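**Student:** Sequence:
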Amino acid sequence: MSVHEALTAALVATLRGDPACEGVGVFDAPPVRASPPFVEVTPPILADWGAKDRRGVEARLLIRIEDAGERPVRVRTLADAVGGVVAAGVAVPGWESGTAVLARSRIARRGDAKGDGRWIATIEFRMRLLESV
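Numbered by the UniProt record's numbering, the letters in the sequence shown go through residues 1 to 133 in order.
Hints are computed from structural coordinates only; laboratory data are not their basis. Just so we're clear, the structure is a prediction, and the values are computed from it rather than from any experiment.
Label-pair distances were calculated between CB atoms; the ranges are:
no., residue 1, residue 2, range
1, 107, 60, 17 to 25 Å
2, 52, 108, 41 to 49 Å
3, 103, 1, 23 to 31 Å
4, 101, 1, 23 to 31 Å
5, 96, 35, 32 to 40 Å
6, 91, 69, 28 to 36 Å
7, 80, 52, 34 to 42 Å
8, 108, 5, 26 to 34 Å
By construction, the Cβ of each residue, glycine as well, lies at the ideal position given by its N, Cα and C atoms.
Please model the entire structure based on the sequences and the hints provided.
**Tutor:** As structure tokens, this is what we get:
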């Protein structure tokens with residue numbers, strides 16, 4: 001299994017198992033028929049972060065949370081909970097997880113022609129991993 005697959009699967013499993021995401025769909029791709037709120041774990045962006053004797057990666061994780069409503073209260077609460085779960089650490093099989101540091105986050109109303117009142121929270125983390133020996 002590639003590090004892309006392992007990291008995405010571990011993150012999705014961790015979020016699905018967390019009480020904060022109970023009743024919320026957690027997906028590894030844009031959902032086709034999900035109703036809000038839902039969480040989407042996008043494919044990570046990876047860069048080399050290895051040492052002489054060990055393979056390592058620095059991953060940029062982008063998590064999207066989508067919700068409907070007049071105000072972003074629920075999406076804000078869910079974004080804080082999801083951010084806390086990721087910051088606490090994600091166990092990736094075959095890899096030793098280093099730190100997960102918040103890079104940036106944003107909550108904004110979706111600006112499209114639908115005008116359906118959707119809120120989008122985006123949370124980006126930097127995570128460093130070393131391959132297990």
